[in-house]
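Protein sequence lines, in the order shown, are assigned to chains A and B. So the first sequence is numbered by the working numbering: it starts at 1 and just counts up by one. So the second sequence is numbered by the working numbering: it starts at 1001 and just counts up by one.
Think of the hints as simulated: they come from the structure by calculation, not from any bench. Careful: at least some of the hints might be erroneous.
Claimed, not checked - A few chain B residues that don't get close to chain A, going by computed Cβ distances all over 10 Å:
{"no.": "1", "residue": "Ala1002"}
{"no.": "2", "residue": "Ser1037"}
{"no.": "3", "residue": "Gly1051"}
{"no.": "4", "residue": "Gly1102"}
{"no.": "5", "residue": "Tyr1104"}
{"no.": "6", "residue": "Asp1108"}
{"no.": "7", "residue": "Asn1182"}
As the list claims (entries may be wrong) - Some chain A residues near chain B, calculated using beta-carbon distances under 8 Å:
{"no.": "8", "residue": "Asp6"}
{"no.": "9", "residue": "Thr172"}
{"no.": "10", "residue": "Gly175"}
{"no.": "11", "residue": "Arg176"}
{"no.": "12", "residue": "Arg179"}
{"no.": "13", "residue": "Gln183"}
{"no.": "14", "residue": "Asp184"}
{"no.": "15", "residue": "Leu190"}
{"no.": "16", "residue": "Pro292"}
{"no.": "17", "residue": "Leu296"}
{"no.": "18", "residue": "Gly297"}
By construction, the Cβ of each residue, glycine as well, lies at the ideal position given by its N, Cα and C atoms.
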Amino acid sequence: MRFFVDTLSLGITQGAVFALIALGYTLVYGIIELINFAHGDVFTIGAFIGLNLIALFGMQTWSPALLVPGLILLFAVTMALNGLLGMAIERVAYRPLRNAPRLAPLITAVGMSFFLEGVLYLVRGPNQIAYPNLFPSGSVSLGFASVGLTNLVIVAVTVVLMVGLHQFIQRTRVGRAMRATAQDRDAARLMGININRIIAITFFIGSALAAAGGIIYGFYNESISFDLGFRSGLIAFTAAVFGGIGNVVGASLGGFIIGLIIAFSTSYTSWGLQWADVIVFSILILVLVFRPTGLLGMRVPEK
Amino acid sequence: MALLEVDGIDVFYGRVQALRKVNLTVDEGEIVSLIGSNGAGKTTTLRAISGLTPPSSGQIRLRGQDISRTPAEVIVGKGVGHAPEGRRIFARMTVRENLDLGAYIRRDGQTRADLERVFTLFPRLKERHGQLAGTLSGGEQQMLAIGRALMSKPQILLLDEPSLGLAPILVDTIFQVIQDINKSGTTVLLIEQNALKALAVAGRAYVLETGRIVKEGSAKALRESPDVQKAYLGI
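Modelling step: build the complete structure from the supplied sequences, incorporating the hints.
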């Protein structure tokens, strides 16, 4: 039982990170039908921005009373900075290709991914870099098992961000404009919606969520490296496809499910982590073959 | 000064020229109709006016102000409402959300009254306000497209084939509503394949053939013109 709960907790926690990244893929795909391959590296950069801010303000030594508002600020500032980075990438790399054939921005996205990874390599080198965990350590006992406090906080933060995103998209004027743009760009323009602005906002939100995922990844794994976004990005992309690309709830669900699949397939078999990737990408292929719209990617009939 | 002046515009889709030196004017309070067969350039004319397909040469003026290079999202704020070809409603949103999007540019806080006005014109939309727009019937979708365009409180309403694919009884309803909208002060530029209906509600009309205006005049004169009767009225 204890082993089962540990695996469950590991899966959900890792899944939270995948879900936060997957949201960025799905938001951008939903609005401009681009698979933003650079998104995984935007996630890595978010983790590094967080690390730099922690070091800059010496947050490891802050007292617990200061740490709570400090952490909120850390997330907010990192998310905002990474959001601006995402907007900048869209502006220089994708917007000029808005009316180009679809392959052009796709290849550009792959190129942007290599570019960002290269920059990270040059700046931070090839090694694993230690990351402090500022979330509470220790664990809560359930009697038959115990759950890490860090895991609980991670899930709480992730759920808050997901619910916030969902409310933003469903209830606000800008959120409605995002949905309109995703459904019909010309019709959205006829409503007076500035498409370029909405696309920029979408990149901002996706990159901000990836930054939150980056900090959480750092806290949980206590180390990061320049190429972290490659594997995490691909797995999160799988999660987005699994949930139904373009669907926000689907991406969240997909992230958690993929996290659980990886955790259980590594804990309950002797295959090891390499095989977990094989399983994940086999799922990607199966989904693409048998249910390309994913779990929740359904369409309302359009007459 | 005319409310809308289209002054010698050329429009290209890639290398294909869709409009050649098209001229037309619409005065305040009029219903003007643009008739012509499929592919004549009617839809392109409306798309040029609302900014979706800007002209490569010529000028489009709204109350004398040049809007030929103004982006579509800005033109709607200047008082041009466009219910486009194929309705283009947001299928995965509710009727109410579609109408709210119609009022996206409004900052005056008076949209409630306009919502009531749309619901008065189209009681069906009120009944179905919480339903996903994609599940509406064709006629209801057309009502929604017109209602959505009205929510921006346009001075001129561009209607692209509002009767297309509708049951005859609904066609009558839609044309009645178009006249009501016009009576309450909104100028209308109407595209129709159903030339008979269009010429019945319009004061003036233009005939478009392969990208050129070939005839213009009062609706009455066009109804009586042998060429028009032969080509468009099936008489």
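Taking the hints in turn, this is what the structure says about them:
1. Every CB of chain A is more than 10 Å from the CB of B/Ala1002 (nearest about 22 Å), matching its label as outside the interface.
2. With a least CB separation of 24 Å from chain A, B/Ser1037 remains clear of the 10 Å interface cut-off, as annotated.
3. Its beta-carbon lying about 8 Å from the closest one in chain A, B/Gly1051 breaks the requirement of being farther than 10 Å from that chain.
4. With 10 Å as the threshold on Cβ separation, the claim that B/Gly1102 sits away from chain A is violated: the shortest Cβ distance comes to roughly 6 Å.
5. Annotated as non-interface, B/Tyr1104 brings its C-beta within 10 Å of a C-beta of chain A; the closest such distance is 5 Å.
6. Separation of B/Asp1108 from chain A is adequate, the least Cβ-Cβ distance of about 14 Å exceeding the 10 Å criterion.
7. A cut-off of 10 Å between C-beta atoms confirms that B/Asn1182 is not in contact with chain A; the least separation is 20 Å.
8. Annotation: A/Asp6 was flagged as interfacial toward chain B, and the flag is violated, the nearest CB pair being 41 Å apart, outside 8 Å.
9. Given hint, A/Thr172 at the interface with chain B, is violated; its Cβ is 11 Å from that chain's nearest Cβ, farther than 8 Å.
10. Nearest Cβ of chain B to the Cβ of A/Gly175: about 11 Å, over the 8 Å cut. The hint is violated.
11. For A/Arg176, the suggested interface contact is upheld, since its CB lies about 6 Å from the closest CB of chain B, less than 8 Å.
12. For A/Arg179, the interface hint holds, the least distance from its beta-carbon to any beta-carbon of chain B being 6 Å, beneath 8 Å.
13. With its C-beta approaching chain B no nearer than about 5 Å, A/Gln183 sits inside the 8 Å limit, and its interface hint holds.
14. Annotation: A/Asp184 was flagged as interfacial toward chain B, and the flag holds, the nearest CB pair being 6 Å apart, inside 8 Å.
15. Evaluation of the A/Leu190 hint against chain B yields a held restraint, the C-beta minimum of about 5 Å falling below 8 Å.
16. With a cut of 8 Å, the hint placing A/Pro292 at the interface with chain B is violated, because the nearest CB-to-CB distance is about 18 Å.
17. Taken as an interface hint, A/Leu296 does not check out: its beta carbon lies about 13 Å from the nearest beta carbon of chain B, beyond 8 Å.
18. A distance limit of 8 Å between C-beta atoms decides the matter here; for A/Gly297 the minimum to chain B is near 12 Å, and the interface restraint is violated.
Violated hints, in rising order: 3, 4, 5, 8, 9, 10, 16, 17, 18; the structure is consistent with all others.
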